[in-house]
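There are 2 protein chains.
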Amino acid sequence: MSIERRTTKQKEAIKAVLSHQDGPLLPDEIQALALKIVPSIGIATVYRTLKILQDDNLVCSVEIPGQAPRYESSDRGHHHHFHCQKCHSVFDLEKCVEGLKNLVPSGFRVIDHEITLHGLCKACD
Amino acid sequence: MSIERRTTKQKEAIKAVLSHQDGPLLPDEIQALALKIVPSIGIATVYRTLKILQDDNLVCSVEIPGQAPRYESSDRGHHHHFHCQKCHSVFDLEKCVEGLKNLVPSGFRVIDHEITLHGLCKACD
DNA sequence: ATTGAGACTGAGACACAATCTCAATATAGC
DNA sequence: GCTATATTGAGATTGTGTCTCAGTCTCAAT
Numbered sequence: 030m031s032i033e034r035r036t037t038k039q040k041e042a043i044k045a046v047l048s049h050q051d052g053p054l055l056p057d058e059i060q061a062l063a064l065k066i067v068p069s070i071g072i073a074t075v076y077r078t079l080k081i082l083q084d085d086n087l088v089c090s091v092e093i094p095g096q097a098p099r100y101e102s103s104d105r106g107h108h109h110h111f112h113c114q115k116c117h118s119v120f121d122l123e124k125c126v127e128g129l130k131n132l133v134p135s136g137f138r139v140i141d142h143e144i145t146l147h148g149l150c151k152a153c154d
Numbered sequence: 030m031s032i033e034r035r036t037t038k039q040k041e042a043i044k045a046v047l048s049h050q051d052g053p054l055l056p057d058e059i060q061a062l063a064l065k066i067v068p069s070i071g072i073a074t075v076y077r078t079l080k081i082l083q084d085d086n087l088v089c090s091v092e093i094p095g096q097a098p099r100y101e102s103s104d105r106g107h108h109h110h111f112h113c114q115k116c117h118s119v120f121d122l123e124k125c126v127e128g129l130k131n132l133v134p135s136g137f138r139v140i141d142h143e144i145t146l147h148g149l150c151k152a153c154d
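Heads up: the sequence lines are chains A and B, in that order. The numbering of the first sequence is the working numbering, which starts it at 30 and goes up by one. The numbering of the second sequence is the working numbering, which starts it at 30 and goes up by one.
Just so you know, these hints were derived from the structure itself, not from any lab. The reader is advised that the hints may include incorrect statements.
Since the list gives no way to pick one copy over another, a pair counts as held whenever it fits inside one copy or between any two copies.
Distance condition first, Cα-Cα at most 25 Å in a straight line; then the derived PhoX-like pairs of lysine-lysine [to be verified]: (1) K115 with K80; (2) K80 with K130; (3) K151 with K130; (4) K38 with K65; (5) K44 with K130; (6) K65 with K80; (7) K65 with K151; (8) K130 with K115; (9) K65 with K115.
Can you build the whole structure from these sequences, using the hints too?
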């Protein structure tokens with residue numbers, strides 16, 4: 030039994046910001062863009078709302094080692110990321126791979142996975 | 030031109046701790062184990078030394094989204110990780126998968142990759 | 001074995017991201 | 001409109017990691 034959820038300007042603003050982006054955003058970038066929609070929105074609300082949206086599977090986080098997590102709308106479905114080691118851009122990848130369940134010993138149950146490729150993007154190579 | 034490197038009890042202790050582990054460790058776990066070898070070692074030294082060992086390619090970091098980075102000796106070669114969503118332990122996986130290069134568009138060069146599986150370990154399932 | 005330059009150390013101060021607290025506010029059902 | 005309560009914003013707090021600096025240790029030169 031989850032608690033009641035209310036529709037608020039702040040949450041709608043954050044959803045609007047994320048749905049108009051091509052790549053994942055940092056929390057303070059999200060706050061800066063949301064401030065153009067609601068006159069004042071605190072950073073605590075941004076973090077809280079991102080967590081709620083993650084629980085509701087509307088948003089997912091993208092983590093590149095050594096960098097702060099970014100957030101993107103999850104309506105792009107299951108996908109992975111390519112991180113350019115030179116310009117540090119992050120690209121979405123369309124496909125996935127088979128055989129991941131073969132990696133684990135028996136007795137382990139695989140529920141989810143993530144794959145991050147590192148290298149040089151088209152522009153940097 | 031890198032600066033001169035000296036052999037110290039603290040650095041040797043950290044290398045010894047990491048080389049005797051089956052999975053990656055958190056900085057404070059490393060400190061706790063290193064304290065059994067050198068009578069007193071500060072947390073700042075642990076962080077500093079881990080960074081030096083990473084630069085020297087003797088240690089590499091393992092990052093699980095939402096958790097602090099862990100560190101392990103890089104002499105175990107290429108492998109990936111399994112994260113238990115219940116007890117939050119991290120296990121090393123032996124095998125790897127094929128076909129990762131097929132994920133990227135032409136023009137992108139893949140240099141490295143990481144795969145993290147999430148689920149329930151043998152003890153928690 | 002002794003010396004000295006400077007790399008290294010530990011403790012505490014500091015910086016930053018993220019979370020928590022709580023009074024004030026906004027929302028949904030009536 | 002009115003009420004119960006989910007949500008908010010500001011500031012305090014936590015947690016992770018870095019910086020500072022006086023004192024220590026290492027190692028090549030002697």
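For each hint, the structure was consulted:
1. K115 with K80: between (29 Å within a copy, 19 Å between copies)
2. K80 with K130: Result: close neither inside a copy nor across copies, 28 Å intra and 33 Å inter.
3. K151 with K130: Only across copies: K151 and K130 sit 14 Å apart there, 31 Å inside one copy, limit 25 Å.
4. K38 with K65: within (12 Å within a copy, 55 Å between copies)
5. K44 with K130: neither (33 Å within a copy, 32 Å between copies)
6. K65 with K80: Classified as within: same-chain Cα gap 21 Å, cross-chain 40 Å, threshold 25 Å.
7. K65 with K151: neither (30 Å within a copy, 49 Å between copies)
8. K130 with K115: Between. Shortest inter-copy distance 18 Å satisfies the 25 Å Cα cut-off; intra-copy 32 Å does not.
9. K65 with K115: Answer is neither; intra-copy 29 Å and inter-copy 40 Å both fail.
Hint check: violations occur at hints 2, 5, 7, 9; the rest are consistent with the structure.
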